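Whole structure, please, built from the sequences with the hints as guidance.
Each protein sequence line maps, in turn, to chains U and V. Reminder that position 69 of the first sequence reads as 69 in my numbering, one-by-one numbering, no gaps. Reminder that position 25 of the second sequence reads as 25 in my numbering, one-by-one numbering, no gaps.
To be clear, the hints were calculated from the coordinates, so they are not data collected in a lab. Remember, predicted model here, so these are calculated numbers, not experimental data.
In silico lysine to any residue, SDA-like type, Cα no more than 20 Å apart, as pairs:
(1) U/K187 to V/V183
(2) V/K203 to U/F39
(3) U/K192 to V/Y125
(4) U/K203 to V/D202
(5) U/K192 to V/K203
(6) V/K237 to V/Y12
(7) U/K237 to V/D202
(8) V/K85 to V/R9
(9) V/K203 to U/D202
(10) U/K203 to V/V226
(11) U/K85 to U/T72
(12) V/K106 to V/Q77
(13) U/K203 to V/K203
(14) V/K19 to V/G95
(15) U/K203 to V/Y229
(16) V/K234 to V/F14
(17) U/K192 to V/V183
(18) U/K187 to U/G219
(19) V/K203 to U/R193
(20) V/K203 to U/P204
(21) V/K203 to U/P224
Residues of chain V placed beyond 10 Å of chain U at every Cβ, according to the derived structure:
(22) R9
(23) T67
(24) R68
(25) R86
(26) V89
(27) L90
(28) R96
(29) I111
(30) R128
(31) L140
(32) I142
(33) R163
(34) Y229
(35) A231
Virtual Cβ for every residue (Gly too), placed ideally from N, Cα, C.
Number of protein chains: 2
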Amino acid sequence: MTNSKAHERIDYLFDSGLKIVQSDALFPFSLDSVLLARFAYVPVQHGRLVDLCTGNGVIPFLLSQRTRGRITGIEVQPEVCRLAKRGAVLNQLDGRVDFICDAAQKLPGIIGAHGCDVVTCNPPYFTREAARDLKINRHLAIARHELLITLDEVVGTAAGLLRQSGKFAMVHRPERLNEIMAVMTRKGIEPKRVQFVHSRIDKPANMVLIEGTSGGHPGLRVLPPVAVYGADGKYTKDVWPS
Amino acid sequence: MTNSKAHERIDYLFDSGLKIVQSDALFPFSLDSVLLARFAYVPVQHGRLVDLCTGNGVIPFLLSQRTRGRITGIEVQPEVCRLAKRGAVLNQLDGRVDFICDAAQKLPGIIGAHGCDVVTCNPPYFTREAARDLKINRHLAIARHELLITLDEVVGTAAGLLRQSGKFAMVHRPERLNEIMAVMTRKGIEPKRVQFVHSRIDKPANMVLIEGTSGGHPGLRVLPPVAVYGADGKYTKDVWPS
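Have a look at this one:
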């Protein structure tokens, strides 16, 4: 375990009023998570929600503003999970949002199978192979590369957690969309909504938001695209509504 | 055979200088085909190109302006195929563009397997089931619904025609994207490029352009979206460059 506390800071999450504990020695939350938390369907009044590979908990914190349901985040790296737990206290969400420091694959065994309404995940985007030659810190490598969990395991874990008609929402790289859809279909989660994120509207997509329904019928909706930056180089309203 | 000649007219294809023979009694070409003809990769100097379900030949005519290769269109409805053949003469393309009046599925048996560089197709979008209750004319029903050819057969025929690394480009409905990608993958055509078409940029996509490579490696590029109409209600430059 690294002594990373000296590098920790508390940031505000956009204009949400939420605080997030970050560490320069680990890795910060990303726009990907913020967009996923906005994209995902959530039941408003109650429900059981789970966020796999939760990092410092940014997705559960943002989702907590859209639902009164109970949210559990699971994070395999103890140093990172500790930041999430501190965030829950800071934001006075303990009781409604909780974190488990363990491998995501174990979650159905911990909280029970097929009881969740929603599963979200901002998983490692890159394969184990792609990680080989990279010289990045171990925490970042685990978050970005499929060293401890694969796409297949993420979707399989979600399928094991979801009730019939429950929803799985994920952010990922468009390069892997074909594989993502194939894995979801194979695990019984039918892709239903997709939204592409472009750094600018005239550039190829660099992110995909995808949602599927457990046991759903075929039929995909491709939502209007999200542009991160406008022609003026500033954030668009898609990203920073105000 | 209906006597549709009285309803025929000759239209210009946008600003291409090309003429197209249309019939009100059959069905006109669509923006879908025009966008596909722009989206598809074509070898410039030479090559063997094929357009399945070619209708009145709009895709071969438009592709002929981007390549010196030889293009064959195949159309199962004789009355419609006749319009395409007249168009080839009108545009002085006979010799370089030819049309076969037969079922697309038979094409590999007619021109030989695995000899094509490019296969394009604007296929029927809707399943046979969806056609049951529709009261549209038979010509339109065949063009729009999978009465005489299915998605599986379109992609399978393309796979049979393409050489190794040859490209298949298709326009279709986003609702069926998951199925499209699965069929392409199963037939050995790896999806490589996708572009979504939105009636307006703030509306869900109503068309998808997709290209795959025979025997290609995984890795998808999602191109910038195409908007058909601008905020002013007029065609955008994506659709009508001028």
